[in-house]
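> Now for the letters of each chain:
Protein chains: 2
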Amino acid sequence: MPKVIGFKTTDVRFPTSRGLDGSDAMNQDPDYSAAYLELKTDDPNLSGYGLVFTIGRGNDLQCAAIDLLATYAVGREVSDLAKSMGDFAKSLVRDSQMRWLGPEKGLTHMAAGAVINAAWDLVCKVSGKPLWKHLSDLSPQELVDLVDFRYISDAITPSEALEILTKAQANRVKNEASLIANGLPAYTTTPGWLGYADEKMIRLAKQAVADGFKLIKLKCGVSLEDDKRRLKLAREAIGPDVKLAIDANQVWDVNEAINWINALGDVNLHWVEEPTNPDDAVGHAAIAKAIAPVKVATGEHVTNRIIFKQMMQSKSLSFVQIDASRVAGVNENIAIILMAAKFGLPVCPHAGGVGLCEMVQHLAMFDYVAVGGENPDRVVEFVDHLHEHFVVPTEIENARYMPPLKAGAGAQMFDKSVSDFTYPNGPEWIGQI
Amino acid sequence: MPKVIGFKTTDVRFPTSRGLDGSDAMNQDPDYSAAYLELKTDDPNLSGYGLVFTIGRGNDLQCAAIDLLATYAVGREVSDLAKSMGDFAKSLVRDSQMRWLGPEKGLTHMAAGAVINAAWDLVCKVSGKPLWKHLSDLSPQELVDLVDFRYISDAITPSEALEILTKAQANRVKNEASLIANGLPAYTTTPGWLGYADEKMIRLAKQAVADGFKLIKLKCGVSLEDDKRRLKLAREAIGPDVKLAIDANQVWDVNEAINWINALGDVNLHWVEEPTNPDDAVGHAAIAKAIAPVKVATGEHVTNRIIFKQMMQSKSLSFVQIDASRVAGVNENIAIILMAAKFGLPVCPHAGGVGLCEMVQHLAMFDYVAVGGENPDRVVEFVDHLHEHFVVPTEIENARYMPPLKAGAGAQMFDKSVSDFTYPNGPEWIGQI
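Chains as they are written, first to last, in my numbering: chain A, 1 to 433; chain B, 1 to 433.
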């Protein structure tokens, strides 16, 4: 009967701004970071891990926010948590005083997500399953009980969710077998960072195709002429059959996005990602209408299920890019996945950063096995960066995410990585600041 | 040439949860609090003050967020700030690493607001004017330069804003004289807290009418039967001519709100406030349509100009309830006020809390004098609570906000109040926790 007896947060930062990896039109100098949480139990061999991915300054504040909410886990038996993860998640999100600081958005909301995800890591380690499998093995009613339907019941009711999940049960075993054999398709942003010269982009794009990727993505949005040139070069490099997407990282206003995208010429774009502010469901809807047949993808900065709901209701997006650490953890992502199923939209997770691939793959796999099932448009972002720090790193084979089989939810890092990159006093930072 | 040389944040909390003042359906036990910022200058007699209103837990975190952003002010000459408050505000909101923690929402966004407002306090103290007057005396172009049009240019362009402001110049002198003579109408929530027994509510409602208030507001949303009874009693107490509004503080889902409001019976409601989640522009639009002719008011938790924009575009609200400390300070509130003018909507500020009346009155007065002009629907919330702690407390005469004439932006508290209520080690808290 292990029990949570304490926790520790660590400000972990990787000095990625020293190179230009991760650079884009909005984020010029990110230091990829993790506000990293360990929930400790009375079993010295059992801890649960969660994290919030940030890009540097404020990561200490993110840790402090997690400290405030992690207290909710202390004293709880893991077996009790396992039976009540829906209520546990709600208790964090609904803290009547902390709620004022959001509500349900930004730093405090992401903190709730880290605690919830760390609790899931514990629950999965005790059940002996990877998160995707643990979730897929829950009954439809148990899954419904995980979701906070507050503010989304005009889009999906508990009984509609139950119906979707019950229907999906028919293919669960088949899908799981297929997942284990074949994994899920990944796509790559590795060639596309804005800081890369054309030659490097072309070389990496060709490499991506050789590695089996069917979709590559380029950052865009600083210069229209650069974008046109880069897209043309990329299309030539990858040929007509590989999909090509672009990512503006929110740099445009609504009308600017429409004009820019429509001026790119015909390079057969698969999607345009984050054309404008992530809060702007109405603006995304206007963009989606004006750039059709080019489609909109967004979500990595969509702060909660309520904004996602509006985007689905307003036909603002065609690809739902959930993120493992932006919303209130696994539970809120299940709500979003269920809404996507209701609206018939593919879930194409955002990843990269620190640990986002490791965490979000579980949600994509759960979606595949037990919710959305087969969908030719489901694809999971992959950036080949920083995986060496994770105890269960992503495994990509033939450009496909292979399912992790070890127990847990994915956020656990090696102790040495955590201590080496602790900011500002870890050995990798000493003397560098 | 005073210059900012440092800053200090203080976690100030008033133990309001010991009574039930401030209780509503969502916020059961608030401790009205302020994350309080002093920007210090090299002139020992000159400091600028800003604050974020919170309701207790997390106020320390809010202070820490302000600490991170207040560094932007250090080293700046006040005269330089006075000339570049638009750029200064943008620099805080757009910090490329901190932005990840929002973007432009929640704790970090409110922190930016506190720093921006404290800088405005300095600028006004140096100009020798209260904020409302300082802003009203700026030229239309200077005002336009204060606004970040990013993400709202599909609703209002700089040239449209300039046109609105230029047109308003014609009545500026007349409006200012009228403001100084007559103030602006207030409304009161004092009778309506959910924790109050019917008799207390009735007594306070009658008192409010006797005091000259033309609009009172009751909290609602816990029990439909209670709401029906309380509204009937309140209507009887205040008579047919005083306006009656209700405030649900986000407790309902969209369809629940519609059903509840339509079941209240005909008590001639002036508005329903915060019927559902503040992020839900689409949901508010559905509610507004379904409950007409009853109208929707919202805004105190609307996190930025982008959500306000969507609400205006979607006809989600009829009354724009700006808040002094929710968005990124005076500058973002000017953006919202300009959009309201463009869409022909009255700005009816949210207040109460700690210092919100003191701060937001300046914005309502600026709106009246130099933007929106005469509007019979403009009314500013007033709660008679905690004003004694402010150096320039609100002055209500005949239920009207009289304009403050002292220099500053309103957030400065008495040193003794700050130290007495410092959490957790001030004398008012010692031994109480």
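Source of the hints: derived by calculation from the structure; they are not laboratory data.
Mixed in with the good hints there might be a few duds.
If chains are identical, the list can't say which one is meant, so a pair holds when it fits in one copy or spans any two.
Simulated crosslink set (DMTMM-like; lysine to aspartate or glutamate; CA at most 25 angstroms straight-line) [what the hints assert, rightly or not]:
1) Lys129 x Asp31
2) Lys232 x Asp95
3) Lys214 x Glu374
4) Lys342 x Glu256
5) Lys174 x Glu236
6) Lys8 x Asp60
7) Lys8 x Asp67
8) Lys315 x Glu256
9) Lys232 x Asp80
10) Lys90 x Glu256
11) Lys3 x Asp42
12) Lys90 x Asp29
13) Lys90 x Glu199
14) Lys90 x Asp31
15) Lys200 x Asp80
16) Lys83 x Asp145
17) Lys129 x Glu374
18) Lys167 x Asp60
> Which numbered hints does this structure break?
Of the numbered hints given earlier, those the structure breaks are 1, 2, 5, 9, 13, 15, 18, listed in rising order.
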